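> Read in the numbering used here, the sequence shown has 499 at position 318, and its numbers run on one by one without any break.
Quick caveat, the hints were computed from the structure, so don't treat them as lab data. As the structure is a prediction and not an experimental result, all values here were calculated from the model. Hints may be right or wrong, so weigh each one.
[Claimed, not checked] Simulated restraints, written as ranges between beta carbons of each label pair:
id : residue 1 : residue 2 : range
1  : 310       : 490       : 35 to 45 Å
2  : 504       : 236       : 13 to 23 Å
3  : 355       : 256       : 22 to 32 Å
4  : 509       : 211       : 25 to 35 Å
5  : 232       : 287       : 45 to 55 Å
6  : 236       : 386       : 20 to 30 Å
7  : 385       : 506       : 44 to 54 Å
A virtual CB, placed ideally from N, CA and C, is assigned to each residue, including glycine.
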Amino acid sequence: MPRRRSLVAVVMLASCLALPAGARAAGGTLLDGLGAGVSAYGGWAAWTHEDPAATATELMLRSPAGVVAPAPVPAGRGSFEVRLGPRAGGGVAAVYRRCSDPAHLRGCSIYELAVGVAGAAERPLAIPGGGSDTDPAIWKNRVAFVRPRGGSHRHPDGVYVWTIGSRSSPRPATLEASRGGREAGGERWPKGLTGEVTALTIGPRQLAYVTSVANGSFGETTLWYEPIGGRPELIDQETSGAGNVCAPAFLSPVTAGGWLYAYLHACDPSGDPGRDRLTRYAHGEAQRARYVFAAHGDDALGSVVPDGAGVDWDDEGVRRIASVSWQRIPLPVAQTFCTRADPFC
C-alpha cells in the first residue's frame with residue numbers, strides 16, 4: 182500500500198546521528214531524583230514519583246512558577262503514564278491511567294484532572310466499548326488511548342480517539358501492518374504484524390504514535406503521523422540487532438507549534454549517547470536539538486519532551502533545561518534491513 186509523505190519524508194542520514202557541534206553533556210536541573218515519565222504543556226509539567234521504599238506512587242506537578250508538589254489525587258500503583266494537554270474550557274488537563282494490575286496492563290482505566298484549578302478532583306473517563314485502556318493523551322474534548330493486546334498480528338494493539346462524554350464506542354485508528362517480505366539475511370518477516378504501540382500523542386487534528394516490532398534478534402521502532410480519520414504516514418524509523426546495548430525506541434511524541442517532536446533513544450552498539458537525538462519534524466524540514474540528554478548510551482530514558490523554550494526529560498530522575506537550540510538536518514531516510522525499501526519487511 183503506498184504511503185503519503187505530506188508531513189515530511191523520513192528519517193535520518195547516518196552523518197546526522199553524530200553529536201552536534203557545541204552540544205553539551207547531559208545534566209540539567211534535577212526536579213525529582215525519583216521521577217519518571219515526564220509530560221509538559223502550558224508551562225506545567227507532570228510525572229510519576231517512584232519511591233522504591235514506598236508501596237505506592239505519586240503523581241507530581243511542576244507549576245509555571247517552578248513549584249514542585251504532589252498532585253491533589255490519591256496515590257497509585259505503577260506508573261501513571263501521565264500526559265498534559267489543553268482542556269476544552271481552557272487551561273491544562275492531565276490524563277493518566279490507573280491499573281489493577283499495572284505490570285500486565287490489566288484493569289486499566291483513564292482519569293482526568295484539571296491542573297492548577299483550586300478544589301479540582303480527578304474524574305474517571307467512562308469510555309464505552311470495554312477493555313483495559315492505557316497510554317492516554319488529551320486535546321480539548323478528545324482523548325486518544327491504547328487498548329493493548331500484546332502487539333501480535335493476531336491480537337494487535339488498538340489506537341482509539343474518543344470524544345469526552347460521547348456514548349458511542351470509539352473506532353480504532355488505521356495501523357500499518359507488515360507485508361511478509363524477506364530480510365537481507367533471507368529470513369522471512371511475518372505478514373500482518375502491526376507491533377506494540379509504545380507511545381502516543383494527539384493534536385488538534387492528528388495523532389502521532391510509535392510502534393515497535395521484533396523478529397528474532399532484529400527489530401524496528403517506527404514513528405507514525407496520522408490525521409484523525411485518515412491514513413498513517415511514516416515519519417521516522419530505526420532498525421536494531423543483537424549488537425545494540427538496549428532496545429532502540431522513539432520516545433514521547435509531542436505535537437507543538439506546528440512541529441512533531443520525538444526522541445530517538447538509539448542504544449547504539451558503541452554505547453555512545455551522542456547517537457540519540459531529539460528531533461522535530463514539519464512540512465519539508467527536520468531539526469535536531471543541540472543537546473545530549475542521556476549520560477550513557479544504555480540509560481533507561483522514558484521521555485524527552487519540549488517545555489516552552491526548554492526540554493524536560495527523565496534520566497535518573499526528572500530533569501529540565503530552560504532553553505535548547507536547534508540545528509537543521511537533512512530530511513531523514515528510513516532505515517531498513519530488508520531487501521526492499523519498505524517501512525516493514
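> Indicate, hint by hint, whether the structure satisfies it.
Do the hints match the structure? See the list:
1. 310 <-> 490: 35 to 45 Å: holds (40 Å)
2. 504 <-> 236: 13 to 23 Å: Given range 13 to 23 Å: violated, Cβ gap about 38 Å.
3. 355 <-> 256: 22 to 32 Å: violated (37 Å)
4. 509 <-> 211: 25 to 35 Å: holds (31 Å)
5. 232 <-> 287: 45 to 55 Å: The hinted range 45 to 55 Å is violated for residue 232 and residue 287, with Cβ atoms some 24 Å apart.
6. 236 <-> 386: 20 to 30 Å: violated (42 Å)
7. 385 <-> 506: 44 to 54 Å: violated (27 Å)
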